[in-house]
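S.K.: Protein chains in written order, with this note's numbering: chain S, -14 to 305; chain Y, 521 to 785.
Some hints here could point you the wrong way.
[To be verified] Pairs of lysine to any residue residues, derived as SDA-like cross-links and limited to a Cα-Cα distance of at most 20 Å, are as follows: (1) Y:Lys579 / Y:Pro710; (2) Y:Lys546 / Y:Ala748; (3) S:Lys239 / S:Leu188; (4) Y:Lys755 / S:Pro274; (5) S:Lys280 / Y:Phe761; (6) S:Lys300 / Y:Asp772; (7) Y:Lys755 / S:Pro277; (8) S:Lys239 / Y:Gln684; (9) S:Lys280 / Y:Phe540; (10) Y:Lys707 / S:Lys265; (11) S:Lys240 / S:Lys292; (12) S:Lys300 / Y:Ala773; (13) S:Lys300 / Y:Val588; (14) Y:Lys755 / S:Asp176; (15) Y:Lys601 / Y:His576; (16) S:Lys239 / Y:Thr703; (17) Y:Lys682 / S:Ala230; (18) Y:Lys707 / S:Pro277; (19) S:Lys292 / S:Glu156; (20) S:Lys292 / Y:Thr766; (21) S:Lys132 / Y:Ile747; (22) S:Lys239 / Y:Gly688; (23) Y:Lys707 / S:Asp176; (24) Y:Lys682 / S:Ile171; (25) S:Lys265 / Y:Glu776; (26) Y:Lys755 / S:Ile171; (27) S:Lys239 / S:Val82; (28) S:Lys280 / Y:Gln684; (29) S:Lys239 / Y:Glu534; (30) Y:Lys546 / S:Thr125; (31) Y:Lys579 / Y:Pro725; (32) S:Lys132 / Y:Val754; (33) S:Lys240 / Y:Lys579; (34) Y:Lys682 / S:Ser172; (35) S:Lys240 / Y:Asn687; (36) S:Lys265 / Y:Cys759; (37) S:Lys265 / Y:Gln684; (38) S:Lys280 / Y:Pro725; (39) Y:Lys755 / S:Lys132.
Everything labelled a hint here was simulated from the structure, so no lab data went into it.
All figures in this text were calculated on a predicted structure; none of them were measured in a lab.
Each chain, letter by letter, is given below.
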Amino acid sequence: MPDVVACLWGRAGMDRAAQGLLGAGRRLAESLGEKLHAVVVGPVDPAAVEAARTAADKVVLVEDELLAEYNAENYLAALTAVCGQLAPRAVLLGNDVYSQELTARLAHRLGGSAAGDAVDVAIADGQLRATRGVYGGKATAVIALAKTPAVVWIRARAMAPAPARAPGEVELLSLGLAQDSRVSLISSHADAKEGVRLEEARLIVSGGRGLGGPGPFEQLQALAAAMGAQMAASRAACDAGWVPASWQVGQTGKKVAPELYLAVAISGASQHIMGIADSKVICAINRDPDAPIFKHCRFGLVEDYQKVIGPLTAKLGQHA
Amino acid sequence: MNIIVCIKQILDPEIPARDFRVDGAKRQAERGSANLVTNIFCENALETALQVRDAHGGKITVVTCGGVEAEEVLRKALALKADEAVLLESPIENPDPLFVARTLAAGIRKLEPFDVVLVGREAGDWGAGQTGGLLAEELSTPCIAFAESFAPGTEPGRLQVKRQTDNGWEGFESSTPLVITITNHDKNVPRIPKTRDVMQSYRKPLTKWPLAELGIDVDSNGGYSHIADLFVPVKETHCEFLSGDTLEAKVDALAERLAGIIRSI
Chain S
-14 MPDVVACLWG
-4 RAGMDRAAQG
6 LLGAGRRLAE
16 SLGEKLHAVV
26 VGPVDPAAVE
36 AARTAADKVV
46 LVEDELLAEY
56 NAENYLAALT
66 AVCGQLAPRA
76 VLLGNDVYSQ
86 ELTARLAHRL
96 GGSAAGDAVD
106 VAIADGQLRA
116 TRGVYGGKAT
126 AVIALAKTPA
136 VVWIRARAMA
146 PAPARAPGEV
156 ELLSLGLAQD
166 SRVSLISSHA
176 DAKEGVRLEE
186 ARLIVSGGRG
196 LGGPGPFEQL
206 QALAAAMGAQ
216 MAASRAACDA
226 GWVPASWQVG
236 QTGKKVAPEL
246 YLAVAISGAS
256 QHIMGIADSK
266 VICAINRDPD
276 APIFKHCRFG
286 LVEDYQKVIG
296 PLTAKLGQHA
Chain Y
521 MNIIVCIKQI
531 LDPEIPARDF
541 RVDGAKRQAE
551 RGSANLVTNI
561 FCENALETAL
571 QVRDAHGGKI
581 TVVTCGGVEA
591 EEVLRKALAL
601 KADEAVLLES
611 PIENPDPLFV
621 ARTLAAGIRK
631 LEPFDVVLVG
641 REAGDWGAGQ
651 TGGLLAEELS
661 TPCIAFAESF
671 APGTEPGRLQ
681 VKRQTDNGWE
691 GFESSTPLVI
701 TITNHDKNVP
711 RIPKTRDVMQ
721 SYRKPLTKWP
731 LAELGIDVDS
741 NGGYSHIADL
751 FVPVKETHCE
761 FLSGDTLEAK
771 VDALAERLAG
781 IIRSI
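All chains should be built: construct the whole structure from the sequences, respecting the hints.
M.R.: Next comes the structure, spelled out in C-alpha cells:
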C-alpha cells in the first residue's frame, strides 16, 4: 500500500503544477520510506502518463465516461473509491480550482482531515503537518491533521519536480461510476489565452495603484513583451477597473510562483504578498524607499516608474 | 427562495503588518486595537443573496457561530435587509473546520426547509476554505465552489450557478438544496447600509441557540485538526537597492540584473 497519493487531472496534462505535486509527493513518500502513487482522473494523453511514471512508483489511471468533463460529484466519487482502496496516509492535490473544491469533501468522505494552501508537508509525532500562511500572509501556521488520511492541497507550482527515476508501473482502473444527477455542467468559457497562464508563468510584470490609471499599463505591457513576461496587477488596480480582474494577484486573486516577479508601483500590502510569496526573485520599482514591497525584494530601484519604464523597455529589448 | 448565508467575524485584515502580533500560547492573533469585521467573502455572499432575493423573492437568514461580539456582524447583515439572524453561541475561540461545519449544519437543520446555503470562499483570517465543502458533506448536499452568481434554474427545485475557474468560467445547474461558496466579483461588491437601517437593526430580533441546544459536543473540537504552531515569519530577505550616479546608470543596473535572470531560465 502507498503512503502517499498525488491526485492529478488528466485534462491538465503534466504541467508545472503536476510536476510540482509529484515532486512534493515523492519527497513526502521518501521521508516515510514508502511509495508514491499518482492517481490520474479523467482522459489523459500517453505523454503525460510517461512523465508521471518517472516520478511515481505507480500511476493509476481512473477512466470513466462520466469523468470526461469535470463534475465535482463524479470526480469526488472516483477519488473516494480509489483512495478508499489504496488507504494512504496522505493524499495531495494541487492548487487549481478543482483541487481546492474537492479537498475538504474528500477528507470528510474518507474519514480524514484536510488543510489547504500548504507550502510544506511533513510528518511529526505521527501526524501530517501542513505549513501555510494565515492572516493574509502576516503569520505562518503549522496545522496538525489529527485524522488519517490527511488530505492537503499544496502550492504545487512553487514546488520542485522530482528527479527522474526508473519508470513506475501503470494500472488502468475502471470504476463503473453511477451518474450523479444532482449537478450538471451546462456551459463553460475559457478566456482567450495569451501566452501561458499567470499561475504557470516564469516571468511576471505587475502594476499597482501607484500607476494612477489604465494608461501606464500599456507601457508596462511593452516592458512585459520585451521581457517575454506575463502581465499581472494588484487588487487596487483591478478594483479600479484599469485592468481585467483575471490579472489580479494576491489573497483574493491568483497565487503565482514565477522565477521573477517585477512589481511596479505596488506598495506591497500583505494580501498582495500572500499571492507572490512563492516567487523565486521579487524585485520592485517604487519611488517610496519605505514601501513594504522592498522587504520582500532581492533587489529594487527607488525611482519614479515613469522615468524608468521607457528606457528599461528599450534596454531589455536590446538584450532579447 | 429560502436562502441561508453563513457569515464569519474576523480580525480586520487591513491591520498593518507592523501592528500585527500573535499570541503564541493561544495560537491566535492578538486583537490589539484592531476592529472585528465581517469576512469580505461573506459580505460578497450576502450581497449575492440580496440580489437574488430582490429579483426573485424569498427570505434570507444569516447565521454565524461565535460569542456575544459576533452579534455585530448579524446586526450589520440585518441593516442590509437580511430577514432573520441566528447566532450559534459557541465559546470556542479557535474552532477546527469540522467543528464549525458541524455547528453550522446543526443550526441550519433547525432552519429547514432551505434551498441554498451560501458561504464565503475562504476567510481572511485562517483562510482554510473548508467550511463550504464540509458543510455540504454534513448536510448531504452538492457543493459548487468559487461562484460569482446564481439564479433560479429551468424548473422549480433547481438552481443555475456561474463559477470562476482557473482560466474562465463554468455554468452548472443543480438540484436544491445546495451549498455554494461565493468569491468576489465586480457584480457582488457589498452595498453600504443606510444609517437609518443600521439604527433599526438594533431593534430587530436575534435568535440565539447555545451549542447544547444544537447537540454539539464542545469537546469534539480539535479532533479534526489543531494548530501546532503559529508565528510571524522573520523576513530574511535583504533588498539590494540598485544605485548609480545617473538615472541611466540605475536603469542599466536594473536591466542587467533582470536580463541575467531571464537568460538563466
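S.K.: Each hint needs a verdict: does it hold in this structure or not?
M.R.: Verification of the supplied hints:
1. Y:Lys579 / Y:Pro710: Cα-Cα ~18 Å, so holds.
2. Y:Lys546 / Y:Ala748: holds (11 Å)
3. S:Lys239 / S:Leu188: Between Lys239 of chain S and Leu188 of chain S the Cα gap is close to 15 Å, so the pair holds against 20 Å.
4. Y:Lys755 / S:Pro274: holds (17 Å)
5. S:Lys280 / Y:Phe761: holds (11 Å)
6. S:Lys300 / Y:Asp772: holds (7 Å)
7. Y:Lys755 / S:Pro277: holds (11 Å)
8. S:Lys239 / Y:Gln684: Given pair Lys239 of chain S, Gln684 of chain Y holds - Cα atoms ~12 Å apart, limit 20 Å.
9. S:Lys280 / Y:Phe540: holds (16 Å)
10. Y:Lys707 / S:Lys265: Violated: Lys707 of chain Y and Lys265 of chain S sit about 34 Å apart, past 20 Å.
11. S:Lys240 / S:Lys292: violated (29 Å)
12. S:Lys300 / Y:Ala773: Given that 20 Å is the threshold and the Cα spacing comes to 10 Å, the pair holds.
13. S:Lys300 / Y:Val588: Roughly 60 Å between the alpha carbons, so the hint for Lys300 of chain S and Val588 of chain Y is violated.
14. Y:Lys755 / S:Asp176: violated (36 Å)
15. Y:Lys601 / Y:His576: The given pair, whose Cα atoms are some 15 Å apart, holds under the 20 Å limit.
16. S:Lys239 / Y:Thr703: holds (12 Å)
17. Y:Lys682 / S:Ala230: holds (16 Å)
18. Y:Lys707 / S:Pro277: violated (31 Å)
19. S:Lys292 / S:Glu156: violated (59 Å)
20. S:Lys292 / Y:Thr766: holds (12 Å)
21. S:Lys132 / Y:Ile747: Distance ~14 Å between Lys132 of chain S and Ile747 of chain Y Cα, so the pair holds.
22. S:Lys239 / Y:Gly688: holds (13 Å)
23. Y:Lys707 / S:Asp176: holds (18 Å)
24. Y:Lys682 / S:Ile171: At roughly 10 Å apart (the allowed maximum being 20 Å), Ile171 of chain S and Lys682 of chain Y satisfy the hint.
25. S:Lys265 / Y:Glu776: holds (17 Å)
26. Y:Lys755 / S:Ile171: Violated. Lys755 of chain Y to Ile171 of chain S sits at ~47 Å, over the 20 Å cutoff.
27. S:Lys239 / S:Val82: This hinted pair holds, its Cα atoms lying about 11 Å apart.
28. S:Lys280 / Y:Gln684: violated (32 Å)
29. S:Lys239 / Y:Glu534: holds (19 Å)
30. Y:Lys546 / S:Thr125: holds (14 Å)
31. Y:Lys579 / Y:Pro725: This hinted pair holds, its Cα atoms lying about 15 Å apart.
32. S:Lys132 / Y:Val754: violated (31 Å)
33. S:Lys240 / Y:Lys579: Violated, at about 36 Å.
34. Y:Lys682 / S:Ser172: holds (9 Å)
35. S:Lys240 / Y:Asn687: holds (13 Å)
36. S:Lys265 / Y:Cys759: holds (14 Å)
37. S:Lys265 / Y:Gln684: Cα-Cα ~27 Å, so violated.
38. S:Lys280 / Y:Pro725: violated (48 Å)
39. Y:Lys755 / S:Lys132: violated (33 Å)
In summary, the numbered hints that this structure violates are 10, 11, 13, 14, 18, 19, 26, 28, 32, 33, 37, 38 and 39.
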